[in-house]
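Just so you know, the sequences run in chain order W, X and A. Take the first sequence: its position 142, counting from 1, is numbered 142 in the working numbering, and each next residue is one higher. Take the second sequence: its position 63, counting from 1, is numbered 1063 in the working numbering, and each next residue is one higher. Take the third sequence: its position 119, counting from 1, is numbered 2119 in the working numbering, and each next residue is one higher.
Simulated from the structure, these hints should not be mistaken for laboratory data. Glycine included, C-beta positions come from ideal geometry on N, C-alpha and C. Mixed in with the good hints, there may be bad ones.
As the list claims (entries may be wrong) - Among the chain A residues that face chain X by a calculated CB cut under 10 Å, a handful are:
hint: 1; residue: Arg2010
hint: 2; residue: Pro2024
hint: 3; residue: Ile2027
hint: 4; residue: Ala2091
hint: 5; residue: Glu2098
hint: 6; residue: Val2119
hint: 7; residue: Asn2124
hint: 8; residue: Tyr2134
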Amino acid sequence: MASAAVSLEAIEKRFGSTVALVSLTLTAEAGEFLILLGPSGCGKTTALRIVAGLEAPTAGTVRIGDQVVNDVEPKDRDVAMVFQSYALYPHLSVRRNIEFPLRARRVARDEREQRVKEAARSLQVEELLERKPGQLSGGQRQRVALARAIVRDPKAFLMDEPLSNLDARLRVEMRAELIDLHRTTGTTVIYVTHDQVEAMTMGDRIAILKAGLLQQVGSPKEVHDRPANEFVASFIGSPPMNLLPGELLGEPGLTIGVRPEAFSIDPEGTIGARVTLVESLGHEYHVACRLRDAAGTLVMVRLSAPAVPPSIGDDVQLAFTGPLHRFDSVTGARKEEAD
Amino acid sequence: MAALGHKRRIRTAALAYVMVLPAFAAFAVFVFYPLAKTFYLGMFRVPPFPGLPQKFVGLSQYTSVLSHSQFLEPLWDSTLLVIFTVPAGIALGLGMAAAAHRQLPGMRIFRTIFSSTIATSVAVASVIFFTLLDPTTGLFAYWIGQRGGTGILGNPTWALPAVAVVSLWQNLGFSFILMSAALSSVPDEILDAAAIDGATGARRFFKVTVPLISPTLFFAAIIGVISGFQTFGQIDLLTQGGPAGHTNVLLYQIYTTFYTNADTGTASVMAVALFVLLVLLTLLQFVFVQRRVFYADER
Amino acid sequence: MPTSVRTALRYLVLVVIAVIVLFPIYITLVNALLPGQDIAKRPPTLFPLHPLWDSFSQAWTDGSLGPYLRTSAIVSIATTLAALATSILAAYAFAFLEFPLKRVLFALCLATLMVPAEVTIIPNYRTIQLFGWYDTYPALIVPFVASGIGIFLFRQSFRQLPRDLRDAAVLDGYGHWRFLGRVVLPLNRPMVGAFAIFAFLGSWNQYLWPLLVTNTNARRTVQVGLKQLEGLNADQQNIIFAGTILAALPIFVLLLLFQRQLVRGLTAGAVKG
Ligand SMILES: Nc1ncnc2c1ncn2[C@@H]1O[C@H](COP(=O)(O)OP(=O)(O)OP(=O)(O)O)[C@@H](O)[C@H]1O
Ligand SMILES: [Mg+2]
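Full structure from sequences and hints, please.
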């Protein structure tokens, strides 16, 4: 297995006056599935392109394995990239597309055929080898793009929102396949997405970026259970975490985070509220309630399959059943409980 | 690390210069240098007898030549030719395109025929008409019942219109192709909408279609004017500027001044004038195309 | 009006236009097939009952159409290939590479569009003589090997290529030359075809320049050669007509074969902007 760690050390990237990345330090361990997550324009693609060598960092060091690769040409970095647009060569057959990187590296013909066959088999595109990309569905194109990446057996895969052009069902399907692919190849993956469900289900660890600044790195569980700041707290989880003024609980200067599922409707509950909106997803309900405090704060409550769902206008009592998160209301940084 | 970026950037730039070099070498030798040189040559008076040295007279030659009838008359002839050819050429092309626009069986053949004159060059068209218009043996003389004499190409009134007809015929194919492309770029929905609103036939054509293709009409007009001012072959093959200079268009005048009279100074001044004229026309077109690209982006 | 009458009228209009457009060509063909002395006969013969084909071979040899066409073919093909090569290379640099003075150079490129060859004939004529190229192929070809419009059109067309495709090729290990050869050109084949036709037509139809820089039949292009035909005797008019047909034939064949590319080439930039 050729898999290698990929690390960015104090990477800075500017485009003219735009600062795309601010002192980014981040390592994907060998064989790890690392997710880069963040809103549009936060620098995810830029980080990936810097690893690939398509973009030179303004400052900082890029390492693949234990080699500093800043001075290494993209083609010699031995990483494969999968693009959001797939970037298949429209004039070449699927076979020639998959073969393309091998030809560039002057791999012998027999070996080439063997490797194309294997890659095509593992992505189930053997039947499509003679077609042109224009004759494929989106999902098939995605598979071919992946096949073109794995055929090189690179040290790392870089994937830039590879599933974002697929419909919802296909996305779920491909998600499972990508996880499977990662398990069988054991190759390091850096995977860019702005879809937090993808991030939570696929990643060994998630790195969350905002405006070029790294907010937190951790396992899906960590970033979910212990978000490092308000931004991460509200970005991870659906519906997003309720952020309430600390005054509500007699803790001024703090912002209190409560996940919607941490609330429950309970006659014994101490917080009075009125239901303003009920959304049913079948298996669960999202209920918006207005608290009876001075500001009439809105909170979102997630209920899994209640026996009697509330309806709009009901007066209810709410109770906590889960942890509270505390953030400095000025800096947004997480405050650990003092216990 | 910045070193990598640096080294790579230098290598990329070197490659880029290698790639643009052939084109720019040719541009330098055959476009930019001669353009400057033409301005320069315009400042030298060429003596009437060969062998005598040329005399630097500066810009005074520009004022004297450009105000002289040897320039103004050819300029007027060229202008007349443009007036004769451009509107008529567009109208004919548009008419043909409109006639051939509807899908009918056999239309492919008609389209091929209508565009067929692009297979003829100026020289081919000129020689064909030269023989047709021949005063003794030509068909035209027979039709109008006038054999012998000077013929139409020797007639001071009709020579230039006759040249214009040759240009028109030779350009029919191009005009037709251009106008057909314009017509097929008009979305069917708009025409349908117009029809539902009660505009059909000629009314719809002039009130909806023509305004929609006005960019192409404008484009055709500009390149028509530009190529009209560059007319040369028709004159050389049909009239040699005659009779009595009535078809002596600008470029033909430049040619004879330079080639026959060896007066490079005067010829250069007139070439510069032609250049300025064409630049103004081309700029007009650029401004216009720019605006159209802008519209397309906005969509 | 009933539809059938209207359709009939439409065809009538089409036929009338076709006759007017084709008449000069038709009469040229007819006259080429008549014996020389019959051409001036009145009423004129509109259908040659006994076509004589040897006027064509006479035009080919006596009228020198053979050498003229050969020269034109060599000049036009060489000019087209050279213009394709220089335009594609320069356009690639402008579309994909970063280098100092890029914008200035591109502006210069566009500036050449405003300098028609007619304007610069005087110094260019001298340059050709200085190089010792008078009455040679280079005189007919070299001044036209670079095309501002070609560079402009190819650059436009190259820039349509998604950036991801270029990036993918870089990661796959393809340098600029191979990317150009294996990806850019195959994907821009329609543009290559259209510009090739455009450049070929432009070169083939040149008149003033070849007239200036050649003076022997071996180097005259067919356009200039036609002027020599005009000087033939009245009883050899069938040869003039046959020569004219021969001169137009190659482009006519081209038109039939590549109508689509031709239309695209001629209308490039006009309709789409
Ligand atoms: N080539 C470039 N020139 C100038 N600015 C750029 C360039 N590439 C990216 N940027 C800027 O850098 C910032 C980060 O862009 P990047 O493409 O990395 O965002 P992203 O996180 O991938 O966003 P998305 O989710 O929308 O793809 C943005 O502000 C963007 O406008
Ligand atoms: Mg992105």
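Here's how the hints hold up against the structure:
| no. | hint | result |
| --- | --- | --- |
| 1 | Arg2010 | 7 Å, holds |
| 2 | Pro2024 | 5 Å, holds |
| 3 | Ile2027 | 7 Å, holds |
| 4 | Ala2091 | 9 Å, holds |
| 5 | Glu2098 | 6 Å, holds |
| 6 | Val2119 | 4 Å, holds |
| 7 | Asn2124 | 5 Å, holds |
| 8 | Tyr2134 | 13 Å, violated |
The earlier numbered hint that this structure contradicts is number 8, and it is the only one.
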